[in-house]
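I would like the entire structure built from these sequences, with the hints used as guidance.
Protein chains in written order, with this note's numbering: chain P, 38 to 151; chain U, 39 to 148.
Among the clues, some could well be false.
For the chain U half of the interface with chain P, some residues (derived, Cβ under 8 Å), not all of them [to be verified]: (1) Ala48; (2) Leu49; (3) Ser66; (4) Pro78; (5) Lys80; (6) Ser84; (7) Leu85; (8) Leu87; (9) Gln89; (10) Arg93; (11) Tyr134; (12) Lys135; (13) Phe138; (14) Ala140; (15) Thr143.
Derived CB-CB ranges, DEER-like [stated by the list, open to error]: (16) P:Asp55 - U:Arg99: 41 to 49 Å; (17) P:Gly96 - U:Ala67: 40 to 48 Å; (18) P:Val151 - U:Ser84: 28 to 36 Å; (19) P:Ser110 - U:Ser66: 32 to 40 Å; (20) U:Ala117 - P:Gln120: 45 to 53 Å; (21) P:Ser99 - U:Ala117: 41 to 49 Å; (22) U:Arg99 - P:Gly65: 29 to 37 Å.
Rather than coming from a laboratory, the hints here were simulated on the basis of the structure. Small disclaimer: the values here were computed from a predicted structure and weren't measured. Cβ coordinates follow ideal geometry from the N, Cα and C atoms, glycine included.
Each chain, letter by letter, is given below.
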Amino acid sequence: GAGVSQSPSNKVTEKGKDVELRCDPISGHTALYWYRQRLGQGLEFLIYFQGNSAPDKSGLPSDRFSAERTGESVSTLTIQRTQQEDSAVYLCASSLAGLGNTIYFGEGSWLTVV
Amino acid sequence: KQEVTQIPAALSVPEGENLVLNCSFTDSAIYNLQWFRQDPGKGLTSLLLIQSSQREQTSGRLNASLDKSSGRSTLYIAASQPGDSATYLCAVRDDYKLSFGAGTTVTVRA
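Structure (structure tokens):
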């Protein structure tokens, strides 16, 4: 596709339920990132994938959060037993390999836990 | 740990005025710096990428400067328009991750 695609765009879930958020990066982009942005706050790094290397999961806030990536394509961020503090927009980004390349973001998945 | 600060937090100007947005960072060992725009309820749109070896980068009415040694970048927007109203985020890359500032929210009054 032309840009980073995320789904769902909006999700309302009950506390305690599991949610899955999907990211489809720009074709050919081997680097993929997930960030979280709580209302009125800055962006927090969650996880980074680069090709077939082991992902950097250092930003995941708890073991309720996990992410997978299928090869160099789609990624899924899973939040188990959601809590109200998980309410945020979850942003996915991708780039070509190499540290000098532009990082492109999707429109985000807006999660509300009620 | 890299700390990124953006000043001011909010800015309101009349249409036609030039905008000056500031970004500072604590660790000058960066690969590059990227400016983004975020509209309410939307994702981030990349505006400019400036490499650590560059002093400035231009795109249309936008110009970004970088002084790596002093840990500063400035985004200039010439002849502002109401459509420029948004939050502008600065992000530095010192490894594969980006570290973000909290943003400057700009309102351009018609």
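Hint by hint, which ones does this structure get wrong, listed from lowest number up?
Going through the list in order, the structure violates hints 1, 2, 3, 4, 7, 10, 15 and 17 and respects the others.
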